[in-house]
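Number of protein chains: 4
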Amino acid sequence: MEHRDQDQVNAEVRERIEASFARQGLMRHLGARLTQITAGRVHIELNSRPEVTQQHGYIHAGATSAIADSAGGYAALTLFPANTEVLTVEYKVNLLAPAVGDHIEAVGTVLKAGRTLTICRLEVFAFPDGQQRLIAAGQQTLFRVPDPGSDGTQRH
Amino acid sequence: MEHRDQDQVNAEVRERIEASFARQGLMRHLGARLTQITAGRVHIELNSRPEVTQQHGYIHAGATSAIADSAGGYAALTLFPANTEVLTVEYKVNLLAPAVGDHIEAVGTVLKAGRTLTICRLEVFAFPDGQQRLIAAGQQTLFRVPDPGSDGTQRH
Amino acid sequence: MEHRDQDQVNAEVRERIEASFARQGLMRHLGARLTQITAGRVHIELNSRPEVTQQHGYIHAGATSAIADSAGGYAALTLFPANTEVLTVEYKVNLLAPAVGDHIEAVGTVLKAGRTLTICRLEVFAFPDGQQRLIAAGQQTLFRVPDPGSDGTQRH
Amino acid sequence: MEHRDQDQVNAEVRERIEASFARQGLMRHLGARLTQITAGRVHIELNSRPEVTQQHGYIHAGATSAIADSAGGYAALTLFPANTEVLTVEYKVNLLAPAVGDHIEAVGTVLKAGRTLTICRLEVFAFPDGQQRLIAAGQQTLFRVPDPGSDGTQRH
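Chains as they are written, first to last, in this note's numbering: chain G, 1 to 156; chain L, 1 to 156; chain A, 1 to 156; chain P, 1 to 156.
Some hints here could point you the wrong way.
Reference listing, derived: stretches of chain A covered by chain L, where coverage requires no fewer than 3 residues with Cβ under 8 Å from a Cβ of chain L [to be verified]: (1) 84 to 97; (2) 135 to 144.
Calculated cross-link-like contacts (lysine to aspartate or glutamate; reagent style EDC-like; alpha-carbon spacing at most 20 Å) [claimed, not checked]: (3) G:K112 <-> P:E105; (4) A:K112 <-> A:E15; (5) L:K112 <-> L:D7; (6) A:K112 <-> L:E105; (7) A:K112 <-> A:E85; (8) G:K112 <-> G:E85; (9) P:K112 <-> G:E105; (10) L:K112 <-> L:E85; (11) P:K112 <-> P:E85; (12) L:K112 <-> A:E105; (13) P:K112 <-> P:D7; (14) G:K112 <-> G:D7.
The hints are simulated quantities; they were obtained by calculation from the structure and are not laboratory data.
Glycine residues also receive a C-beta, built at the ideal position from the N, C-alpha and C atoms.
Using the sequences plus the hints, can you model the full thing?
So this is what it looks like as structure tokens:
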């Protein structure tokens with residue numbers, strides 16, 4: 001997907017997504033930041049700090065994947081009306097290189113938005129020496145629900 | 001894999017894995033606990049609390065995956081000699097049901113340990129009303145390295 | 001899932017699945033055989049022959065995956081009423097070892113059957129020297145549809 | 001990856017890949033054609049015909065995946081010296097839409113080529129009404145070996 005000025009989302013979408021992101025306890029606990037919201041694409045950044053590392057001091061695959069998963073979910077939400085939610089059905093991620101540098105950036109991009117299922121590409125970049133480097137790549141399947149989360153049962 | 005008494009690992013393996021786990025800043029930050037170490041299988045538990053949730057109050061797929069990823073990695077390490085490490089090449093996880101209850105438990109089990117690559121099955125359970133329920137299932141590929149983490153370069 | 005006598009499917013289910021399998025041009029073209037149908041689990045076998053190989057004479061990952069994908073789809077169908085169909089949303093497979101021996105056997109097992117989505121475990125075995133050996137392992141997401149295939153449009 | 005004139009591979013690479021493709025019994029049996037070879041990217045086409053279908057007459061996910069898997073493997077081989085081979089470690093593919101039209105085209109693109117592991121993006125397109133449409137998207141991990149296939153043992 002190419003992105004141009006008209007890919008900017010309107011204020012309602014932006015506020016809705018920012019409000020949802022603010023409710024994600026994990027994102028707040030990790031220190032993740034929602035940095036870009038366009039139609040079908042969302043960026044989330046995470047600073048490298050001891051709280052998100054694995055045993056060698058690199059960012060843990062789980063933290064890398066967590067922000068990628070959220071980026072994909074919100075990328076899908078940019079395309080849906082209010083009161084719609086998405087649940088992650090599954091995702092797959094390859095870790096290509098350790099995250100060197102002071103932060104990483106996950107980019108979720110909608111490949112196909114369907115009536116029920118939406119498929120996103122997930123990419124995570126690091127910035128060693130100021131250069132952008134792909135450190136993780138994946139793919140995600142999302143399930144669209146009108147009003148999720150109310151009863152704790154499986155809704156797929 | 002069936003597990004019997006002889007699947008218990010020796011003290012050296014147990015201490016090595018516990019020490020590595022203690023260095024995983026993310027696991028500590030999430031509040032994850034290493035609860036069982038047998039040959040080719042490791043269990044990690046995570047309590048449900050606001051710091052690990054998504055926007056509806058359920059445990060975030062990223063947190064679920066993070067402990068599953070660590071469980072698989074340590075399951076592989078139980079089969080390898082000291083000074084060996086593993087890196088996650090990739091994993092895929094399906095989220096089957098929301099995590100209802102006060103904690104979840106990830107179980108990583110080695111399906112095949114190879115010279116270079118090890119494949120694990122990943123399972124995550126919740127315990128609503130005291131009953132064990134599979135809430136996530138996945139598969140993971142790990143890369144075995146003699147001495148990783150020393151130079152920050154890609155070692156695959 | 002353990003399997004016992006009561007896991008046998010009734011004649012209607014068996015006939016329905018055999019008829020559907022017979023319409024899969026690819027399975028016929030590969031020479032695949034539907035060998036076992038129980039509730040939530042289906043076996044498909046494939047003989048090793050030049051028509052299904054890659055460049056070194058082993059069975060091609062694509063052929064291995066094709067029978068695994070069909071085994072999972074039919075495993076799901078055993079649990080659904082007539083006039084229901086399933087479409088593959090996605091699958092992931094690890095190739096663990098080359099297929100040595102005169103045939104391979106794929107086993108699809110339902111991990112969770114939901115209203116819309118069903119998740120299956122996929123396993124493929126070879127039989128070198130008469131011993132069963134796991135050569136591929138994967139996971140599959142299926143989409144349940146009441147009456148698919150009639151209009152050629154995306155139905156997810 | 002952008003592709004320009006200098007992405008053309010030399011005659012040795014082209015001949016090596018065409019010779020390997022010609023030895024893939026499955027590709028020949030399916031009627032697949034190697035249509036484009038550039039550095040880090042390979043295209044394979046498959047005509048829609050009864051021998052490659054599932055039960056509703058669409059191209060079987062297994063056939064779609066098989067040509068995608070081969071396209072990724074050969075994309076990696078374009079970057080490696082003679083006498084190198086690759087084995088598929090794993091792949092994941094989402095089926096986005098049924099294959100409508102007279103043929104499909106799989107494109108494998110190297111995302112990262114490492115010493116041991118190479119990661120490819122897999123895409124498959126259909127051409128309904130002359131328009132290109134993404135019908136499958138996936139990701140693949142390959143293992144590089146100097147001289148595979150000689151002994152039938154696991155080489156990962």
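Right, here's what the structure says about each hint:
1. A stretch counts as covered by a chain when three or more of its residues have a beta carbon under 8 Å from one of that chain; for the stretch 84 to 97 of chain A and chain L the count is 4, and the coverage holds.
2. Against chain L, the stretch 135 to 144 of chain A contributes 4 residues with a C-beta closer than 8 Å to a partner C-beta. That satisfies the three-residue criterion, and the hint holds.
3. Distance restraint check for K112 (chain G) and E105 (chain P): the Cα-Cα separation of roughly 18 Å lies within the 20 Å cut-off, and the hinted pair is therefore satisfied.
4. At most 20 Å may separate the alpha-carbon atoms for a hinted pair to count; K112 (chain A) and E15 (chain A) exceed this at roughly 23 Å.
5. With a CA separation close to 16 Å, the supplied pair K112 (chain L) and D7 (chain L) stays within the 20 Å bound.
6. Of the supplied pair hints, the one linking K112 (chain A) and E105 (chain L) holds, its CA atoms being roughly 18 Å apart against a limit of 20 Å.
7. A threshold of 20 Å between alpha carbons decides the hint, and for K112 (chain A) with E85 (chain A) the separation of about 16 Å falls inside it, so the pair holds.
8. Note on K112 (chain G) and E85 (chain G): the hinted pairing holds, with a Cα-Cα distance of about 16 Å set against a maximum of 20 Å.
9. For a cut-off of 20 Å, the pair hint linking K112 (chain P) to E105 (chain G) stands: about 18 Å separates their Cα positions.
10. Distance hint between K112 (chain L) and E85 (chain L) is fulfilled; the C-alpha atoms sit about 16 Å from each other, no more than 20 Å.
11. Between the alpha carbons of K112 (chain P) and E85 (chain P) the distance comes to roughly 16 Å, so the proposed pair stays at or under 20 Å and holds.
12. Our distance criterion of 20 Å between C-alpha atoms is met by K112 (chain L) and E105 (chain A), whose separation comes to about 18 Å.
13. Distance hint between K112 (chain P) and D7 (chain P) is fulfilled; the C-alpha atoms sit about 16 Å from each other, no more than 20 Å.
14. Pair hint K112 (chain G) plus D7 (chain G) holds up; C-alpha atoms about 16 Å apart against a cutoff of 20 Å.
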